[in-house]
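Asker: Starting from the known structure of chain A, fit chains B and C onto it as the hints suggest.
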Amino acid sequence: MKYYDKLIFELSKPGRAAFTLPDNGCPAAALPADLMRAEPAILPEVTEVDVARHYTALSQMNFGVDTGFYPLGSCTMKYNPKINEEIAAMPAFQGLHPLQPAETVQGALEVYYEMDKALATITGMKRFTLNPCAGAHGELTGLMVIRSYHLSRGDFARTKIIVPDSAHGTNPASAAVCGLEIVEVKSGANGLVDVESLKPLLGPDIAGIMMTNPNTLGLFEKDIREIAELVHGCGGLLYYDGANMNPLLGMVRPGDMGFDVMHINLHKTFSTPHGGGGPGSGPVGVCEKLVDFLPTPRVEKQADGKFTVVRSVAGAAGQVSAFMGNFGVILRAYAYILMLGKQGIKLAGKYATLAANYIKESLKDAYKLPIPSVCKHEFVYDGLIDDGSATGKPGATTLDVAKRLLDYGYHAPTIYFPLLFHQALMIEPTETESKETLDEFIEVMHKIAKEAAEDPDILHGAPHLAPISRPDETAAARNPILKFE
Amino acid sequence: MSTFPYFPHTEEDIRQMLQRIGVSSMDDLYADVPADFIFKGEYNLPDAKSEQEVRELFDALAAKNPKLKVFVGQGSYDHYTPSIVPYLLSRSEFLTAYTPYQCEISQGTLRYIFEYQSMICNLTGMDVSNASMYDGPTAAAEAMRMAIACAKKKNTVLVSKGLLPNVIEVIKTYAKYYGTTIEEIEVNGGQTSLESLKALIAKGDVAGAIVPSINRYGIIEDLTGFADALHEAGAVLAEYCDPSALAVLKTPAEWGADIAVGDGQSLGIPMSYGGPSVGFMACRKEHMRKLPGRIVGQTADASGRRAFVLTLQAREQHIRREKATSNICSNESLMALFVTIYLSVMGPKGMREVNEKSTSGAHYLYNELLKTGKFEPVFPDKPFLKEFVLRPLVDLKSLNAKLVDRGFFAAIQTEEGYASFCVTEKRSKAEIDALVNIIKEG
Amino acid sequence: MSKIAEGLLYSESHEWVKVEGNIAVIGVSDFAQAEMGDITYVDMPDEGDDVEKGEDFGALESVKASSELYSPVSGKVVEVNSELEDAPELINEDAYAAWIIKVEMSDAAELDELMDAKAYAQIAK
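Protein chains in written order, with the numbering used here: chain A, 1 to 485; chain B, 1 to 442; chain C, 1 to 125.
Next up, chain A with everything else stripped away, as it sits in the complex (with noise of 0.2 angstroms):
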């Protein structure tokens, strides 16, 4: 990688075109003046090489799973299978006005069909709606659902939802733009959510929790029927939030396990590229019960074998983005569970969970491991055994061997999180991963960690062959500079 300092603005140069257009060949039309913007709107007037080079050179400076080993925790930064960008580009799909008669889109409607009754039997729910665009909108259509299912029964008073201590920040975050009071409940010494403290905030108030599991330390919350019979017991409902499914990819079903909704991130758990933050796709999946709350428009199947949409249900969620989601995610993830089939589906939890215990059991010599026993997907260290701070300068923190990983060409773990420990250093590695690569890794971490016990200072210099070093965060928050001027 390679530093790169010019912005498409500053290659403008009036009189410049990349574009072509065709006559339409029909008569001009003006518009009223005093409706038309006064100055034209500053935009770069560049040639096609101009874009081709300066947009090459910005990817030439960024990290993909493709560029190499993405251990980034919470993420699932698995591989992307390259047929099913083909699929999504393809122009029977791209082509399609979200507003088309059903009886022109039936290939359309037949996937989400598909899709929905995959999502289904994966993960043991009744039925999908694949309408949200994201994890965090997932949660909120999720609590939607909940609520919904609540105020029709005429049960007012569950405004509340517990959430664990552990959980990922959209989880609060999407609780109160739902409407809902967040109660927190503690996680015990082990990591797992504490049954004890988790009975006295049961009541007639609550309407459901919120659970990750494995949760976001990468552990199987072991107690879960006892927390699923407590929740029930109370009136509320269990919300599953699928950001962690993959260990359980093949082996384990949330519906099984009791919860009532749940959603799945395609972009992680099914292979949908992560598009430097999106678009992704966060389908909701509901128990019996609870179908008829799904958000509209809904896809269902006719008696005469054809597809149809359904635009409005009373007693629906509501709708929750401008048509239904992101198709071109969903075209992506159909295409690979097609490619894994029921005897792929089997295997990539397994190896996503064999990966990072065999990650975790072998750094733990140089990195402190707080949670010893077998992880699922991924697993928290809390900073080095050794950071250096014996030899008189100031230890090497989690922060400094996120940097560090970059020079020697590999993402960072996810840092800082969870809030549990002070030094978290959270790492997942998938199932697309070789043993080959995970050694390497390991290796390098250790190398780190031996640098950092002899002079820190290489570590708090890091990274050194990055296209950047590190940038004033302070200095960009205090005086923001957010736009080319």
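The hints are simulated quantities; they were obtained by calculation from the structure and are not laboratory data.
Each statement offered as a hint is correct.
Taking lysine-lysine and the PhoX-like style, the derived pairs with C-alpha atoms no more than 25 angstroms apart in a straight line are:
no.	chain 1	residue 1	chain 2	residue 2
1	B	Lys49	A	Lys117
2	B	Lys440	B	Lys429
3	A	Lys186	C	Lys64
4	A	Lys342	B	Lys40
5	A	Lys346	B	Lys49
Partner residues aside, some chain A positions facing chain C, computed with beta carbon under 7 angstroms:
no.	residue
6	Glu473
7	Thr474
8	Ala477
9	Arg478
Pair by pair, the computed Cβ-Cβ distance ranges are:
no.	chain 1	residue 1	chain 2	residue 2	range
10	A	Glu10	C	Ala119	55 to 65 angstroms
11	A	Asp23	B	Lys371	21 to 31 angstroms
12	C	Gly7	A	Leu465	48 to 58 angstroms
13	B	Gln413	A	Tyr113	18 to 28 angstroms
14	B	Ser83	A	Gly68	22 to 32 angstroms
15	B	Asn367	A	Phe156	52 to 62 angstroms
16	C	Gly54	B	Ala35	46 to 56 angstroms
17	A	Asp304	B	Pro46	15 to 25 angstroms
18	B	Ala401	A	Val310	12 to 22 angstroms
19	B	Gly179	A	Gly25	48 to 58 angstroms
The C-beta atom is built at its ideal place from N, Cα and C for all residues, glycine as well.
Answerer: This is chains B and C only, laid out in the frame that chain A set:
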């Protein structure tokens, strides 16, 4: 036994890895899971397939979607996509990257988001843009919550009945659960009513209003007086815009709006049956701290070189948790790159031409349709750009069916019973004439 | 070890109060600024806003954190420190000089529930 191109582990690898972990089998890795939770059944899924079989399966699905010439908008627009845009988007350094949290190896993503924010600001006239949202309707719903956050202790947001139906639906859905009261501003003669707005403001408790730049009838709205009426009451104006049209139309800033939102799909993104698209959201500087979503800012690295980072993160859900006023975590980054490259390719001149050609095509179709005698005007003197409605004098259902048979998607029926049409720069006079001739026939 | 200024009153949420007649001058303690790190923004109320004891009236932001400010007294905001709008780092430089708001108290008895420097020293560590 099938082979799986994305699973690397050999039998020997697995044996060695299990040995290091200190367990004897893969099942031992799930010893912490109660035994009856382990799924022992068979998934109701097809057998694993080869790539060729998967491709053939999708070819068969694709064949069930007949190709139509699109003459409908209503929130999704068939503009031309220059080849270079998807080409550059497919670079795996963009496509397979995560959110740019590790800024030192994400300068590519951070730079294009900064360019994107700059372009959105230039199109809208606003001071600050976020890094993008899911789509237009959800961005409008975020504007609703932002209005509540800007205006302390008020809980009503006004929405124009002229907004697209899906925008209103999504706002209402978000509002219902957030506990916001939504009141609808009337539309008179194809224009959001200033009198209705004022009457609703007079009732009190108004935090803001969301009105369209181009409404559901395709009419370009005159928002004279809207911002003043709202500002006097301590409320904000959010404008829902088509960013393609903003290249020529009066900007939200010029109308005095505080927040601009809309859907970036009209900037050359394929319709793709409704997604992925990209929502945009921008505001005036004084409201910057209430703007939801990621924002990229410029700074310098340790050696003084220009560098870009995610900034103002203290606004975001992962820090504010239950105190957050938005739960958005991701953005629609790759689609933000899409519109950034599209706008770079088109430039100011290209964007003007897209709008001129769309306008000329739409007005030509409008006039030709009136000549058929099968339609009459609904809002005869109102200005429109690429989209318009007419009152049908024939049965729309049978006309729609006939058009589909002949390869056209046009004259979609609105909630009001009007026929809605849209013409982009992609549609030629020959295509328009062909459409009109079919309509003339029956 | 953070500094604790003598002669001020303190809340458990790390705000300090200097009493000037009926006016409470409010800031955050040196301990609070040190915990936050480089402060990048201070979210402040408007003059004329009412504040309630124990309710948040604003927030401190750093690069990766946000911390609510809780009013130690009830009353009306009569002045906000507008210097902090452009220079939030003043709080890092001297937390006891960089006051945030001045409140005209509606119930001076609320001051009795605050801690003196000695008592606060027990929790600010």
